[in-house]
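Chemist: Each chain, letter by letter, is given below.
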Amino acid sequence: MLEVEGLTKRYGSREAVKGISFRVNEGEIVGFLGPNGAGKSTTLRMITGFLAPSAGRVRVADIDAVADPFEARRHFGYMPEGVPLHEEMRVHEHLRFRAELRGIRGRAKLDAAVERSLQQASVEDARDRIIGQLSKGYRQRVGLADALLTDPPLLILDEPTSGLDPNQIRAVRSLIRGFAGKKTVFLSTHILPEVEATCGRVVILDAGRVVGEGDPRELRGGGGAVVVRIVGRGEPSAYEAAFGSLGEVTAAIEAAPSGPSLVVAKVRTRGEDASERVFEAAVTAGLKLRELSVEATSLEDVFAALTTEEPTNEEAA
Amino acid sequence: MRAAWTIAKREVRSYFSSPVAYVVLLAWIYVSGLSFYTMVYWFAGNPSTGGSDNPLTLFFGGTVLFWLPLLVFAPVMTMRLFAQERTSGTLEALLTSPVGEVAIVTGKLMAAMVFWITLWVPSLLYVWIVSRYGDVDLGTVASSYLGILGIGFFYMSWGMLMSALAPSQIVAAILTFLVLGLLFTAGIMQFVVYDDFREVLGYVSVWSHMSDFAKGIVDSRWLSFYATMTALAFYLTVRAVSWRRVRG
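Residue numbers (our numbering), protein chains in the order written: chain A, 1 to 317; chain B, 1001 to 1248.
Okay, chain B solo, but in the shape it has when bound (with noise of 0.2 angstroms):
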């Protein structure tokens, strides 16, 4: 697994020497900023609400300024993973070190997870601020960033995928985009559907797993479910780089 390290190394370098990492950065900093001060003026102007909620509960995955940007932002996070090292012509010098798939994948995924939580890096400044001026339970916050780092496993290994199937960046960003986007609307189909089948929406709806992780709620089904995607992610890149030595 040294090589999968010295893949990652290389990888966060690449990501932060170009402006997509700091472009991402900042729109996410500038729209989250946006939404937490909306929630908290909107906490202020209510104190009746009370209860278990806070701007931090409703922060994390209560509304859809959390979930929009992220939909937009994941997929041009992994577009360049695998699909611009094919179209650069670096994959060629990769795929003949004596390195396997699985170093490789391990790298890029875990170079696309430091940028992830990077982006979330700034949200320690909102569980500050609230802390200041009300309580905060630390507990509720850990189980917001674990159910963050899940997601963030899910859907960078997804973004991952799709580099490694997609002819050029574009393409594995409109791919991701429909993949997160269509996951993402079966999960809030639950919400509407009235039968058997909402079990099921629900098991695949990250806005309320959200909605529990951010309540302080660790639900393993919830992280069986990252787990598994990741994992089935993880496999079918592994798949995706070997079968292009076959097909070229």
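Chain A on its own, in the form it takes in the complex (with noise of 0.2 angstroms):
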């Protein structure tokens, strides 16, 4: 549905995309992931046709996008970041001039394709008020609905919760999931667990390059590590020597509010019978434990290892 190749953006010397590539399938929903100023926006606007890319290739539907931008257009609902919305007008007739840029033609259909996206973007409610004095969380919606105009089989988001509570991005999350199947779905975002709870794939920018793509589940995995808690009495050096066999281990006293002071110890090791081999080790040592839990990776981690080779806060989207 989308195939980004080499696509690079330079302004001036400075490269803030540089020749990344990757492709999205029909109905998948993809997170597009990486740090403020990781070249995101930059690149979906290359996508969208906003910007003209420096170099590289960008098909939607087949169609190339930097030939024949206009026929392109056709296949994709696009958000711009901050949602963009003309202030002064009502939802309907925003929603309705939008339709009618896009090609749709005659009031019956134009009334139609108008319905059915506030319906979709479920902001029927709002149809009737000012954009200027929604809340960020209909805004958002009603953005929804301009990219869902024409039907389109693309929806290409840009940063689709920033700004709302934690309510509303509840609401635009299980919106976006709704599309799973019916539509494919490329967003961009910066926060994580939005990626956890929306994407069934992910592609990691940072600094303008691609560092990292896959299922986010697979990505957590991070090759089948995983790091087992324990909680106990006694010294952290007896859990070091414990442990020591298995993996990293790391042991540390932990000042509790109440009662007696406990040693946290994690054990970074590998396999499905980690948490086994772990309390098996435990008993042979004699120790106490009061707790035993199996801490998963967090997308979180895999991130931050993916994204912190190089500084990244100094290019702006």
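Possibly wrong hints are sitting among the right ones.
Calculated from the model, a selection of chain A residues having no Cβ within reach of chain B, i.e. all distances over 10 angstroms [to be verified]:
#1 Pro84
#2 Leu85
#3 Arg98
#4 Gly234
Calculated pairs, DSBU-like style, for lysine-lysine (alpha carbon to alpha carbon, straight line, at most 35 angstroms) [stated by the list, open to error]:
#5 Lys136(A) / Lys182(A)
#6 Lys266(A) / Lys288(A)
#7 Lys109(A) / Lys136(A)
#8 Lys1009(B) / Lys136(A)
#9 Lys1009(B) / Lys109(A)
#10 Lys136(A) / Lys18(A)
Honestly, the hints are just simulated from the structure, not real lab data.
Glycine included, C-beta positions come from ideal geometry on N, C-alpha and C.
Starting from two chains that each stand alone, build the complex the way the hints lay out.
Modeler: Written out as structure tokens, the structure reads:
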């Protein structure tokens, strides 16, 4: 549905996007993850034709989006960063204008497109309100309705939940998840839980380069590494000695708010039976355990590991 | 060109949902009404002036009271066309729709012209007033409005170009004022310069163009001047909008 190949954007001598390639298959919901300033918006703007790429190719629904931008634009709905809308218009007026611009003709068809997109983005109750007076959550959904007007097979959403409160975030995410299987969605975000909550696949961008790609759950697995957390009484050195043979161990006394202080140890090891082996080692060493749990590697760890190689904050989006 | 029409409709609506439009309209009605009143008063007190002159010929471009407000209002009328959409980000939505730059620029110029024409509707009242108490040559009135229309295209298109180039509305307004003001000043220089250069200055002088139109003289040189200036600004605006895609 979307293919990007060697896409590059240069501003003078500075390369904001450095020859990235990836593809989004039909029906997928793919997250485009990266810290602020990684080049996500620039990439989306090149895909949608707002910016001309310095080099590289973009194909939308098998149409060359650089050579034939008009035809390509008929196949996607785009919600730019910050959801720009005409503040002075009413929601249905804005949507009607956008529908006309996007080539829908005739009163009946326009009305039908507006009503359907209002419903798909669940903002029917705001249809007669002035956009400038809407809350951010509503604006975001009006932006989504705008992207949905032509019922396009591909949705390109730039930071669809930025600036929303937790309830609004949940609502927008569940809307996006609802498109699974029906539409292809490519959404950018700098928030990890967003990817885990909504996306089937993630492309990680850092400093203009794709640094990782895959299933968020697989990336989280980090190649089978598991961290087992043990809480018990005794000396940290005893824990280090007991688990040293299993993998990397950190152990420290953690002051408890009440009662005796406990040792919290973390063992980084591999394998499905990691927790069982840690338990056996603890029994063998005669440690008095209170807790034993498996900590999942968070996507945050993966993200940090992938994106901390060079400073990224200098480059603006 | 369906898209141009769609854009023009939205732009017109947006013009008249902002207080700027009403402030400009009211200010123009006030200033032009005052100058018209003064002219009528003056002609009434000097019946011997006679000849081809009447309050209307003087009103249409005959005094600085006509030009000064227009040189201020034209930038205010056009400053938002592109600059506002760029600041608010809606330009990104517009430029990622299946609509070409030519259609976008056409739509915006059409909308600015609707506003310009609206500015002149109240002046029909002055024509009516003069016609009630004296003779009004309708041909002269028509050629006056033809001149107004030409100057409208010229001013609105250059204001639009500045709005496409400038980073903000206020900078667009200042640039438009500078460009139109410079051309206007160069035009009236023809009254003080006495050499070959004078003819060139006369060519850009909206003041003397308008005094021809107000007398019923339709000079195709002036009309082609407006057409050329409008076409140039139109072309440059299209280039400016597409250039931003490349430069970012």
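Chemist: If a hint holds in the structure, say so; if it doesn't, say that too.
Modeler: Now for the hints, and whether the structure bears them out:
1. With a least CB separation of 3 angstroms from chain B, Pro84(A) falls inside the 10 angstroms interface cut-off, contrary to its annotation.
2. For Leu85(A), the requirement that its beta carbon stay farther than 10 angstroms from each beta carbon of chain B is not met, with the minimum near 7 angstroms.
3. Interface exclusion of Arg98(A) from chain B breaks down, the closest Cβ pair being 7 angstroms apart, not more than 10 angstroms.
4. With a minimum CB-CB distance of about 60 angstroms to chain B, Gly234(A) clears the 10 angstroms threshold, and the non-interface call stands.
5. Taken as a hint, the Lys136(A) and Lys182(A) pair is honoured in the structure, with Cα atoms around 26 angstroms apart against an allowance of 35 angstroms.
6. For a cut-off of 35 angstroms, the pair hint linking Lys266(A) to Lys288(A) stands: about 15 angstroms separates their Cα positions.
7. With a CA separation close to 29 angstroms, the supplied pair Lys109(A) and Lys136(A) stays within the 35 angstroms bound.
8. A threshold of 35 angstroms between alpha carbons decides the hint, and for Lys1009(B) with Lys136(A) the separation of about 27 angstroms falls inside it, so the pair holds.
9. With a C-alpha separation of about 19 angstroms, the suggested pair Lys1009(B) and Lys109(A) falls inside the 35 angstroms cut-off, and the hint holds.
10. About 33 angstroms separates the Cα atoms of Lys136(A) and Lys18(A), which keeps this hinted pair within 35 angstroms; it holds.
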